[in-house]
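Student: Spelled out from the first residue to the last, the chains are:
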Amino acid sequence: NAGVMQNPRHLVRRRGQEARLRCSPMKGHSHVYWYRQLPEEGLKFMVYLQKENIIDESGMPKERFSAEFPKEGPSILRIQQVVRGDSAAYFCASSRGRGGDKNIQYFGAGTRLSVL
Amino acid sequence: DAKTTQPPSMDCAEGRAANLPCNHSTISGNEYVYWYRQIHSQGPQYIIHGLKNNETNEMASLIITEDRKSSTLILPHATLRDTAVYYCIVRPLNTDKLIFGTGTRLQVFP
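Chains as they are written, first to last, in the working numbering: chain A, 1 to 116; chain B, 117 to 226.
To be clear, the hints were calculated from the coordinates, so they are not data collected in a lab. Everything numeric in this text was worked out from a predicted model, so none of it was measured. Please note that a few of the clues may not be correct.
[Stated by the list, open to error] Calculated pairs, DSBU-like style, for lysine-lysine (alpha carbon to alpha carbon, straight line, at most 30 Å): (1) LYS102(A) <-> LYS119(B); (2) LYS71(A) <-> LYS168(B); (3) LYS27(A) <-> LYS185(B); (4) LYS102(A) <-> LYS168(B); (5) LYS71(A) <-> LYS102(A); (6) LYS62(A) <-> LYS185(B); (7) LYS185(B) <-> LYS51(A); (8) LYS62(A) <-> LYS119(B).
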């Protein structure tokens, strides 16, 4: 897991507030993936980004959730107007590219979001 | 919608080999098999992957049957720190995302 940096590790928000989760990929990786793990459930894919582009957002909720991966800086997963059901662990992964060995995804330690 | 089937749980004595099976009978010719594990509350950790041939690295060995319909992850000398949920994943060719199933919860006991 070393290499993919996520912060904060723990985030507490009240209902209606915004949550911003950050992910810095491993050195040399330009592909970022976000996954969500609800309590006692498996990991679910949310979104896949390359620099400045969203490639696949098929797992993103239609409202309140957005993601970006700017040319400079970390990838951001933004949740607006959080609700209790957003409480989960959010994991970021990165890879060198697409296909075969380049697509091996390495995960960060996650951000645990708690909504009060 | 995982394309794999794994037993929900397994036990293994410390120091013994842990053999974790996975069925992927609908796998396509060019789809890789990936193994990850998740130790409690941590991020998933990549273990190994393969296409057709058996693979070995410093963590584990992956044995893929000749018809590619199943595979086995082998931890040669399990330790208590190997206690985790192990996920076998077949990633479809037309997608970059990993689809996690429910995995196998491996408990290594002293």
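Student: Please go over all the hints and tell whether each is borne out by the structure.
Tutor: Hint by hint, here is what the structure shows:
no.	hint	result
1	LYS102(A) <-> LYS119(B)	holds, 22 Å
2	LYS71(A) <-> LYS168(B)	violated, 37 Å
3	LYS27(A) <-> LYS185(B)	violated, 35 Å
4	LYS102(A) <-> LYS168(B)	holds, 17 Å
5	LYS71(A) <-> LYS102(A)	holds, 20 Å
6	LYS62(A) <-> LYS185(B)	violated, 36 Å
7	LYS185(B) <-> LYS51(A)	violated, 36 Å
8	LYS62(A) <-> LYS119(B)	holds, 26 Å
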